[in-house]
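Peer 1: Here are the chains, one letter per residue:
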Amino acid sequence: GAGVSQSPSNKVTEKGKDVELRCDPISGHTALYWYRQSLGQGLEFLIYFQGNSAPDKSGLPSDRFSAERTGGSVSTLTIQRTQQEDSAVYLCASSLPRAGNTIYFGEGSWLTVV
Amino acid sequence: AQSVAQPEDQVNVAEGNPLTVKCTYSVSGNPYLFWYVQYPNRGLQFLLKYITGDNLVKGSYGFEAEFNKSQTSFHLKKPSALVSDSALYFCAVIRSNDYKLSFGAGTTVTVRA
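For the protein sequence lines, the chains are A and B, in the order given.
For what it's worth, the working numbering labels the leading residue of the first sequence as 925, then goes sequentially.
For what it's worth, the working numbering labels the leading residue of the second sequence as 4, then goes sequentially.
Hints may contain errors.
Listed next, the in silico BS3-like pairs over lysine-lysine satisfying Cα-Cα at most 30 Å (straight line) [claimed, not checked]:
# : chain 1 : residue 1 : chain 2 : residue 2
1 : A       : LYS935    : B       : LYS72
2 : B       : LYS61     : B       : LYS80
3 : A       : LYS981    : B       : LYS103
4 : A       : LYS981    : A       : LYS935
5 : A       : LYS981    : A       : LYS941
6 : B       : LYS25     : B       : LYS72
Think of the hints as simulated: they come from the structure by calculation, not from any bench.
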């Protein structure tokens, strides 16, 4: 595709519900990132996938958060038992594998937990 | 460890005047430096990057940035600002052998007509 595609663009959910956020990276990009942007916290790294390597999950804030990447392409970020502090913009990004390649971001999924 | 500082939360300029958004970084090893812009309710758009070579980097929408190794800075500049440049700007750094982007806190630029 032309760019990184994310869905849904907006999601309002009730506290305690599970949510799934989807990311479709740029075709041919083997590196995929999830970041979270929230007021007062700036941009936080969540998780990184590169090809078939084990993902770097070091930024996931709790065990309620998980992510997978199927077939080396589409990724899903899952938040279980959502809390109000999970309200944020979840940004997906992709790039070619080597450091220094431009990392391109999607438009984000805006999550509100009520 | 790596980190980025954007010392100004806000920058206000008049249209037609020069615009500068400051960024300093701390990283072990060689840095790769990036600038992104975020318009309201949008994702991050790539503006420019420094990897190696010429210290002056030119990017999208007339923006440029100068890499200064001795001052560990990578300030973003535009000679003549437009109202449409009003947005949130992020500086980011990666170590040359790493993959995680570390972002600054962001600087809100307001260009008044």
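Peer 1: A separate judgement is required for each hint: does it hold in the structure or not?
Peer 2: Hint-by-hint comparison with the structure:
1. A/LYS935 / B/LYS72: Violated: A/LYS935 and B/LYS72 sit about 43 Å apart, past 30 Å.
2. B/LYS61 / B/LYS80: At roughly 10 Å apart (the allowed maximum being 30 Å), B/LYS80 and B/LYS61 satisfy the hint.
3. A/LYS981 / B/LYS103: OK: A/LYS981 and B/LYS103 at ~12 Å, within 30 Å.
4. A/LYS981 / A/LYS935: 24 Å, holds
5. A/LYS981 / A/LYS941: 22 Å, holds
6. B/LYS25 / B/LYS72: The hint holds at about 14 Å.
Comparing the model with each numbered hint stated earlier shows that hint 1 is the single one that does not hold.
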